[in-house]
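> One-letter residues, chain by chain:
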Amino acid sequence: MLYCLHTEQTQSPNSPPSPSNYSTIDKSEVSKFSQLANEWWSPNGPVKLLHSMNPLRISYIREQLGKNTFGVGDNDVKDNPYGKASQSPLVSHHHLPFKGLRILDIGCGGGVLTEALVRLGGSAIGADASDENIKIAQLHARKDPSLHIGPGSLEYRCITAEKLLEQGETFDVVCAMEIIEHVINPAEFLKACAGLVKPEGGHLFLSTISRTPLSYFLTILLAENLFKLVPQGTHDFQKYLRPDELQNVIENEDKYAKVKDITGIGLNPITGTWYKLPNWMPGSSDVNYLLTAQRF
Amino acid sequence: MSVKYLTNRTLFQKFSTNLNKRFLATVSTTSKLEDIYDIVIVGGGIAGSALACALATSNLTKLQKRIALIESSNTSNIREWNPLQGEFSNRVSSLTPRSVQFFKDIGVWQNINEERIKPFSDMQVWDGISDARIRYNNESDKKGPLAWILENYNIQHAILKTLDKDKSIVDIFDNTKVQDITFDKDSGGGQFDLSDWPSVELSDGRKLKARLLVGADGFNSPVRSFANIESLGWDYNSHAVVATLHVDPNIENKTAWQRFLPTGPIAMLPLQNGFSSMVWSTTPNLATKIKSISSKDFACLVNAAFQMRVADLEYFYSQLGNNESVDLQSEFEWRKSVQLKNSDPKEEFPPLVLGVQEKSRAGFPLRMRNAESYIKERVVLVGDAAHTIHPLAGQGLNQGLADVHHLLQVIERGIANGQDIGDINLLRGYSSERYLSNLVMLGVVDKLHKLFGTDFTPTVLARSLGLKTLNNLEPVKAEIMKYAMGL
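Chains as they are written, first to last, in full-length UniProt numbering: chain Y, 1 to 296; chain L, 1 to 487.
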């Protein structure tokens, strides 16, 4: 594992980016999150907002996969408590909706999303550029035997998206949640992520923060500075991307994926839970939003 | 670079293969896989066993979750429950429509012995001092009965029968005590680290590891003590006496009656024509006497408690234990005839009590408690372990079942979202749903108890006016009943 980090560090900062060692990862960002790593799993720790957002991310992924039906749902039973007729029989109620899917969680951090993907039957690979995060994630995974006895499977790798792409890895589903706003070159990063998705139907899920006055006010002034919900310096406003910018990169520059859905989400400050915001609501994706793209 | 990388990758694969091997080896020595449970329910009372049943019915939990139910007593007498006609257990409950619906949903209701259920649609509650009365009748309402009266045995028997249908889903450890609950700080150095999973040591020597530990273990909950959760509240200076009454069989027994006496409410609930169940909350001193007097005197006393003026009733109290120098029966008849001359002849009373079922009188102290919290990491409390309520509104078990229902929903939601179901972030959903709701019910019932526990004239006048007004405000009354029915 240390070896992995070592490879990263031996890169000369002045050497021109070559295909084999070029990385979009920002070194200062890596160290910032390593400081957080010990707090990844504390229920009231600095990433508690990620924990509370996770159920919504998962249900969003379920919902989108169910809508676009790829790889899942063939052998599902109509599954719903008490056996009443289910509204959407394909994915929404089955207890293993991700069974048989190879899923990459890029920028997995402590494994908050990765573990959930495995519990729902996915063969998930959590990848993170921070060696410490990967260690934290591996240590935490020992606390739950169900992650190791199947049907899902779990693997953590200290690796970047670009390296995975170089290795020719492909996935049914690639998730890059709350990560684009932390990389140096989002366009390159997105290209790598999209390249990791299996062609002809594989899914790419993104979540990030839009660059608007409202998002500055909420995520930096309020969340970081005033209420200290997240540690100061977690976010860099200049790195935020608006949904149309993301869509533009994915559809026009890459030309091999189509954006299927953009959904704004919001935090109810009283209950501490996240909700999907309706599309008709003005500015619904002005702060946090989720995006689904499908490979051609 | 690429060579270097390859080495790196091979190392990694080797590492993970080793991890897997080591992991299986350690598991088989330290904590056996078969002793690792997703949900361990301590307490096989109605709330605990209903939860087991609900989890065994839900498609999200029954397939992949390992569930254990631990009960200290032997359940065989409940399993083989075969009641005699004309005999009823003294422990009965009133189930609200919401609780009945829940039992239907989890497949329990179809196993209930139907001949021993009494739905009622008529209720009368009155003030012992002023006789101000509130009556609620929804016989003509399509919403159905107000509540169902049935023996606790009937409920428990039906739950166990439902659970026994598919024995593979829930592991029932009955006749098994919980010796100790701890955290195993020694994670064993193996692949699993279950040091923050509660470890439940059983009297048969087994040690169960619980992803989620459910305390359904009653008022003195060991699970609550383990989780270091305080229980807040007070003891009422009163005891409840329960009994199975033999009442006039010629009267259609279809009304629930409750009279608020200054010493506490007395209630008579219909079981069947000729049989009713009584709950009488009173002072500890009187409770002792009520339990020990002859059954003939007891019948007179209950009749007096429902029909006599408070002053007359106090005379009856004073005669208890006086070597039976006074014939309570003739005293009752004489005083009743006097009372009839100067009171409203239309006033209705419960059927006359003729006797009491042998050995059916029992008593217990009354309390109000609410745990300071219902959850801790990997621990959740339901039913009496979380809250204890005065029985005057018949809400205790119904609250417990609502707890179970919500906990089931929260667990299902957690599974659907791939969460660890012991995660406190998930359990908060249960706590925020149930805590306030239970607290409000506890508060209302406690205030009712206090409001009617006085004979201070202005209070009596005010509450009587309140009752009379309420009785004429049908929409308000209907709303209150909806609340009491859990709708």
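Treat the hints as calculated values from the structure; they're not laboratory data. The structure presented is a predicted model; accordingly, all values stated were derived computationally and were not measured. C-beta atoms are modelled at their ideal positions from N, C-alpha and C, and glycine is treated no differently. There could be a bad hint or two in this list.
Said to hold, decoys possible - Pairs of lysine to aspartate or glutamate, DMTMM-like flavour, derived with a Cα cap of 20 Å:
no. : chain 1 : residue 1 : chain 2 : residue 2
1   : Y       : Lys-143   : L       : Asp-423
2   : L       : Lys-447   : L       : Asp-127
3   : Y       : Lys-143   : L       : Asp-204
4   : L       : Lys-291   : L       : Asp-327
5   : Y       : Lys-48    : L       : Glu-377
6   : L       : Lys-450   : L       : Glu-114
7   : L       : Lys-143   : L       : Asp-193
8   : L       : Lys-376   : Y       : Asp-261
9   : Y       : Lys-135   : L       : Asp-193
10  : L       : Lys-468   : L       : Glu-377
11  : L       : Lys-207   : Y       : Asp-244
12  : Y       : Lys-143   : L       : Glu-34
13  : L       : Lys-450   : L       : Glu-433
14  : Y       : Lys-143   : L       : Glu-347
15  : L       : Lys-376   : Y       : Asp-244
16  : Y       : Lys-135   : L       : Glu-347
17  : L       : Lys-468   : L       : Glu-347
18  : Y       : Lys-143   : L       : Glu-377
19  : Y       : Lys-276   : Y       : Glu-251
20  : Y       : Lys-48    : L       : Asp-423
21  : L       : Lys-185   : Y       : Asp-244
22  : L       : Lys-177   : L       : Glu-139
23  : L       : Lys-468   : L       : Asp-196
24  : Y       : Lys-143   : L       : Glu-348
25  : Y       : Lys-143   : L       : Asp-196
26  : L       : Lys-62    : Y       : Glu-39
27  : Y       : Lys-67    : Y       : Glu-188
To be verified - Stretch-level coverage of chain Y by chain L, calculated; a stretch enters the list once three of its residues show a Cβ under 8 Å from a Cβ in chain L:
no. : region
28  : 43-56
29  : 113-120
30  : 211-223
> Hint compliance check: list the failing hint numbers for this structure, sorted ascending.
3, 6, 7, 8, 10, 11, 13, 14, 15, 16, 19, 21, 22, 23, 24, 26, 27 and 30
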